[in-house]
Amino acid sequence: VQLQASGGGLVQAGGSLRLSCAFSGSIFRPAVMGWYRQAPGKQRELAAAVSLDGTINYADSVEGRFTASRDNAKNTLILQMNSLKPEDTAVYYCYSELDRGLQKGAYWGQGTLVTVSS
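FYI, in the numbering used here the residues of the sequence shown are 87 to 204.
Derived from the structure by calculation, the hints contain no laboratory data. Keep in mind that the hints are not guaranteed to be accurate.
Stated by the list, open to error - Straight line, CA to CA, 35 Å or less: simulated DSBU-like cross-link-like pairs of lysine-lysine:
id, residue 1, residue 2
1, Lys-160, Lys-128
2, Lys-160, Lys-190
3, Lys-128, Lys-171
4, Lys-128, Lys-190
5, Lys-171, Lys-160
Use the sequences and the hints to build the structure in full.
Below is the structure:
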């Protein structure tokens with residue numbers, strides 16, 4: 087199983103960025119795909135997650151600013167981040183969870199750095 091993340095970068099406060107994550111290597115679709123983030127000196131936390139049935143969970147801190155969308159046919163997850171704040175600065179990690187098959191378990195992609203300048 088592989089998760090290929092892309093996007094991220096440096097943006098000024100109020101700006102937008104788009105993160106993409108592509109899942110591959112399994113005949114099963116992930117039960118959950120999401121983005122976690124880890125700011126310097128802080129624990130990793132959920133930003134947004136989308137279940138296979140389309141249920142979306144957002145962290146309170148990003149609700150209304152971030153939009154997660156999932157394409158189940160392509161096994162991709164997009165995180166559109168608008169109205170970015172300096173406190174959104176973090177390494178963002180794509181996450182997926184398989185709930186069946188021999189590859190059942192949780193998987194992480196490589197992190198991508200998002201830096202929001204004030």
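Hints, one by one, checked against the model:
1. Lys-160 / Lys-128: 33 Å, holds
2. Lys-160 / Lys-190: Satisfied, since the Cα-Cα distance of roughly 19 Å is no more than 35 Å.
3. Lys-128 / Lys-171: 17 Å, holds
4. Lys-128 / Lys-190: 28 Å, holds
5. Lys-171 / Lys-160: 30 Å, holds
This entry satisfies every hint, going by the numbered hints stated previously.
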